[in-house]
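Trainee: For reference, the chains in residue letters:
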Amino acid sequence: MATVAHEVGIKKNYLTAIKEAIYEEMGLNPGLISIGEDIGILGGAFGVTEGLQAQYGTQRVIDAPISEAAIVGTAVGMALQGKAVMAEMQFIDFISCGFDQIVNNMATYHYRTAGEVALNVTLRGPAGAYGGGALYHSQMNEAWFAHSPGIKVVCPSTPSDAKGLMKTALRDPNPVLFYEIKELYRLRDIEEELPEGDVTVPFGQASVRRAGKDITLVSYGQTVYHCLKAADILAEQGLEAEIIDLRTLVPLDEESIKSSISKTNRVLVVNEAPKTCGFAGELVARINEIAFEHLDAPALRLTRMDTPVPWAKPLELFVLPSVNQIVELAQRLIRY
Amino acid sequence: MATVAHEVGIKKNYLTAIKEAIYEEMGLNPGLISIGEDIGILGGAFGVTEGLQAQYGTQRVIDAPISEAAIVGTAVGMALQGKAVMAEMQFIDFISCGFDQIVNNMATYHYRTAGEVALNVTLRGPAGAYGGGALYHSQMNEAWFAHSPGIKVVCPSTPSDAKGLMKTALRDPNPVLFYEIKELYRLRDIEEELPEGDVTVPFGQASVRRAGKDITLVSYGQTVYHCLKAADILAEQGLEAEIIDLRTLVPLDEESIKSSISKTNRVLVVNEAPKTCGFAGELVARINEIAFEHLDAPALRLTRMDTPVPWAKPLELFVLPSVNQIVELAQRLIRY
Amino acid sequence: MTLTPTASSAKSKAADAAPGEQRLPRTLLTPEDHLEILKQLYLARYFDVRLIKEKKRGRLRGTLYSSHNQEAVLVGSLFGLKSTDWISPIHRDMPAFFMKDLRSGWDNPDRRAMSIEEVCAQVWCKSGSPGRARDNWSHIGKKSAGIIHSTSMLAGTIPVAAGVAYADRLDGGDAVILTYNGEGSTAQGVFHEAINFAAVHKLPVVTIIENNHWAYGTPTHLEYPLQDFARRADGYGIPGSIADGQDVFDVYDKVMEAVDYARSGKGPSIVECKTFRAYGHGDHDDDRAAKYRPVEEVERGRNRDPIAVCKSYLVEKGYLTNAEAEKYKAENKSAGETTDEDFPPEVVAYLKRGVDFALKSPDPSPEEGGMWVFREGA
Amino acid sequence: MTLTPTASSAKSKAADAAPGEQRLPRTLLTPEDHLEILKQLYLARYFDVRLIKEKKRGRLRGTLYSSHNQEAVLVGSLFGLKSTDWISPIHRDMPAFFMKDLRSGWDNPDRRAMSIEEVCAQVWCKSGSPGRARDNWSHIGKKSAGIIHSTSMLAGTIPVAAGVAYADRLDGGDAVILTYNGEGSTAQGVFHEAINFAAVHKLPVVTIIENNHWAYGTPTHLEYPLQDFARRADGYGIPGSIADGQDVFDVYDKVMEAVDYARSGKGPSIVECKTFRAYGHGDHDDDRAAKYRPVEEVERGRNRDPIAVCKSYLVEKGYLTNAEAEKYKAENKSAGETTDEDFPPEVVAYLKRGVDFALKSPDPSPEEGGMWVFREGA
Ligand SMILES: Cc1ncc(C[n+]2csc(CCOP(=O)(O)OP(=O)(O)O)c2C)c(N)n1
Ligand SMILES: Cc1ncc(C[n+]2csc(CCOP(=O)(O)OP(=O)(O)O)c2C)c(N)n1
Ligand SMILES: [Mg+2]
Ligand SMILES: [Mg+2]
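Chains as they are written, first to last, in the working numbering: chain A, 1446 to 1781; chain B, 1446 to 1781; chain C, 78 to 455; chain D, 78 to 455.
Bear in mind the hints are in silico, worked out from the structure with no lab data behind them. Warning: the hint list may mix true and false statements.
Claimed, not checked - Here are the simulated SDA-like cross-link-like pairs (lysine to any residue), alpha carbons at most 25 angstroms apart as the crow flies:
| id | chain 1 | residue 1 | chain 2 | residue 2 |
| --- | --- | --- | --- | --- |
| 1 | C | Lys203 | A | Leu1762 |
| 2 | C | Lys404 | C | Pro443 |
| 3 | B | Lys1758 | D | Pro443 |
| 4 | A | Lys1758 | C | Pro443 |
| 5 | A | Lys1758 | C | Val450 |
| 6 | D | Lys368 | B | Leu1673 |
| 7 | C | Lys279 | D | Gly314 |
| 8 | C | Lys368 | A | Glu1681 |
| 9 | C | Lys203 | B | Ala1559 |
| 10 | B | Lys1703 | B | Glu1641 |
| 11 | C | Lys203 | C | Asp440 |
| 12 | C | Lys116 | C | Thr398 |
| 13 | C | Lys404 | C | Glu113 |
| 14 | C | Lys343 | D | Glu453 |
| 15 | A | Lys1457 | A | Ile1635 |
| 16 | A | Lys1708 | B | Thr1503 |
| 17 | C | Lys132 | C | Glu393 |
| 18 | B | Lys1703 | B | Phe1763 |
| 19 | D | Lys116 | D | Lys410 |
| 20 | D | Lys437 | A | Leu1762 |
| 21 | C | Lys279 | D | His298 |
| 22 | C | Lys343 | B | Thr1503 |
| 23 | B | Lys1457 | B | Gln1504 |
| 24 | A | Lys1708 | A | Glu1681 |
| 25 | B | Lys1758 | D | Gly314 |
| 26 | C | Lys279 | B | Ala1559 |
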């Protein structure tokens, strides 16, 4: 497939990176099945699986009815029978309709069976706000699943991470929830040449996206770019922010966070999900546990307000974290 | 109804308190409808609604099919039409089957309609571990809903709080998720005389269950009793723990937490839900935001391990917080 | 003003009926009703055409799920409702928001519907809509008008409809609740739970299945093993009928039968309307749809434009002359091919009112984003 | 050893069939099969009776959902399966865990089922069970034995069954997956989604509905508008048959027809078995059940004990003499009224093996509580 073959010197976008990972893994593992709404004939709402069914057939690339619970449940059954499964949620928001099968069935299967059954299921789908998607096409609901033991949670912010992490997810014997940031799918600014060959990115390793000594900004997904922009502004003021892109939430790379804070002594967590019980709060709590003695100021978080994501642009921007807010909070923490 | 009339000098249990609240409110508000699986003919799995249908009729006390999504969704419709609704989840664990209707429909209705529609729906059900209920009859999943803006979250630990908060819930124009601790339902030790008359307990006010100066223990529900026992043990060592029983999680009484910590300078949050992204982490993050300058030691949390609740007793106790662990952590924080 | 289009009350106004149609609900419609129905078809079409054009010009924020070619389902199902009835439209039913209760007067201030102004304000993402542009334009509604707000989660309003029906009956009301659903949405679990509940309690809920033969990019045989989605009804022991969704009068007949059945206390039912999606799933999908949908199928659908079908019937019945029928030629054209001259001027003016209002309506102010999470002062 | 109880392969062993039964699956059963079936009914009953007694003595940790009086559904449905088939029992089907594939030999070490030892270890909350007492005794299973683990969430295993069926077919297998469900559970959304999916893909999934006329304390008319839950099948265009759940041979016939239909690639179907719950919903409910269930109904059920029904048929067919039939009198008795003498000694001995093993099996060690959240070394 020309669309997915590796091409030296060609920059690729985030969506293509994910597409390549899925194509390659479908090719490498004949036991990998893909299922989801409109992923076959149409090639997916965003085109992530474009051409996949033509390549691998209707048996392995299944156009499911609009039945999220059945999609997850059958994925569990296929994995129980030894298959690997990629299951797409058309938008991650609709995952709520398959919620029980995820948290009570899929997540717990290995635990309940004392290890007899591991389910290689990757649930993936487009997520995130800032694009005018309103309440039901903007969610980041990773905290629900991070709170449901037995699921790995992944959220890449760059094309090469997206590809490498997707390959890892599709091989991991455990259930993985893979958050794809749809506003990054075709963002030109972040296109990059992908590493040649069968390169994976391991779970549980954060990436330092920018080094700095004055404050640590911890984030993942879309808000990593807010942090990068804020860091540029802070740099103009002589303040050096270190930016940690977690890449995987479960498992979490506590080491990288700790070692950064031991250097900067200040930390701000930035996250676009609602504040209460979000992953940002979890990070603050963890930081308290692992790096309290290094903190010269409280570990703070900047999140969405405790609201849904509204539709109209002024409303949407009002409730979501902004670059300016990061800059201000970082300044405040550095001055603390 | 003899079972629910107020009787001076008679101690009542937690279950009876809730039952009384529902009876009284059904009597006071002819627009209040109760719906749930087996709540009518049977009177509820635990008997909370025993006799309710005989008293208020099959139209107002509905035995629903085993359809959690329909229960929540019809409750939304009834409330849209102006009714108040009490909807029982037979075990709070099964709420996952009605999840989408709760987080995406019920929780957001007021927001989406810019205030035109407020839904007076109280979802309530038995919750909590320590009773051998295994994975699916032991959950505390309040964090999912605290993370879903638009839902109030309540969890009483005493009979009088249970009654007063239930009355408040059934009158509140907003959706309320009411966690009843089933291990407390019939616990003799906590029985108490209920206040006479139509007494409500307001949302957003924590209760100080024990005063102390050396450390603040923040908790709610069942683990309040673990904290109380730990405080007894600490007291033998001359250490005075102050115990805050939150009673409502959303809205949260930040003031009480802050003022206690400003006195004790140490805080431990105790919670039986899984650690990652649980409400305990949220509390630690909040405390960091509102009381960092008062902390002489990191705000810590003691929670369930990041596992489901297993069945066999040794396993169950292993993963859940214990009195001993509270004592040890409290000592460590006080020595910090 | 409340319409009571049931057989008994409307009998006096009945137009002459052809012998074979004797017992059909349509036989009780007056000649004026027939012409009104045609005008409503124009209105629904014009709204859609206008939105398609605005969207193409990049003026609108949302995704447009065109109802082009499916208007007979909306007009035919809404026409016989009482003002006190409820509806729950979904993404492809936007005209329903302002066409509910339209029979009680386009300019009737007491009409129990959203006004064209309110709907347009939402489309233009302005504060003049009841929802103040907080949710996407296809998820609007208005409690006081008897319009249930949908979330995006398909079939999710059916239990809400059941709840409204239950509560209304308890209060002595006789409202019927009409829910709209694509055929693909019938695969959702909540569809099953809600209809089962409604069937157990014989609630006056009519589930309309708009079978346009595609759910986004998935054809029906991958959604359901049978061709007729009305057969879903059989699993609940409730009636399931099939209407020609391009024929507004057939839709009217089948839905009115279901509505009468519901109102008389017999319970819920399903009406499948076989119809045809003119464009892509949403406007973003037009190009891809051209690839995944067989050309013959698109042609077949195009050739049964509900405006054309309605017109020939009206001509046949003698309610419209051939010359009158030729006057406005909106049918069998793509949105881009139509001009305002293809529509009756009152239709164009009606929408203009809405658009003018919308354009003048201010953006919601940013702080509103943080408001109304809870009802305060509880 | 794999049994192939389909018409062609089993023909040679067929017992003489009465004329009217000519085409029924049961006509291919040998006289020995008939007697084996009776013995299996005893085994299922004895397991239940023993658990009831142990529970009463306070020796067991879990809630017991008795299968008393519903044994014919389990035995009749399991008897014709191939070793490679799968099942997913739920709370009321505990004997199924060890009675799957029992026809291949009670002591056959290769039997594709859980052993009686494993099941008892779980019942006694010990580490000797595959699940090491991590989940409640009614949620056990074993992948290598073709037994899907249920969660508590009713109907939740049907999509899993569909997935297993899909994957097995892809691998060239011919396994049929049998799922068990109470009639009340059919109201769950996931029931609909999963059966719809199975029907679209013609998957070999047979859904058994154990209609014992109560879902906990709720009678069927509040769960479903029709009396026959088999009619749920009609909504999916798949066959739905009804068996007398007290007659093990009728269950065998109807389930075998469904299994053959599934295995031959024709797709899923539903078999409703009308049966009767002897006790309360769970043992905690016995006292209350006595109040909410009409006495006549309880009587009516008691009078059709599946062991008695089976015995009379065997006597009638001449496979059992009257004297033999009188030997073990477990039927028409409550659990408390039975003694070990009411059961064949091999049945009692079989269970004893399991209980002995369980009692000797150690408790799981506390640290295991923190293990196996993830498969390590990925
Ligand atoms: C629960 C849920 N899953 C997935 C989607 C994404 N989605 C939106 S519309 C659509 C197709 C709907 O098809 P159909 O019901 O036939 O309606 P149509 O668009 O054809 O009118 C899908 C899959 C959704 N909105 N809700
Ligand atoms: C999703 C879900 N909701 C509620 C329950 C609680 N519950 C357990 S068994 C039961 C009744 C089941 O009735 P039925 O399906 O008829 O099976 P039976 O017990 O009669 O065999 C209920 C409501 C559950 N286990 N799962
Ligand atoms: Mg469609
Ligand atoms: Mg039952």
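Trainee: Could you work out which of the previously given hints the structure breaks and list their numbers from low to high?
Mentor: Hints 2, 6, 8, 10, 14, 16, 17, 18, 20, 23, 25, 26 are the ones this structure does not satisfy, whereas the remaining hints hold.
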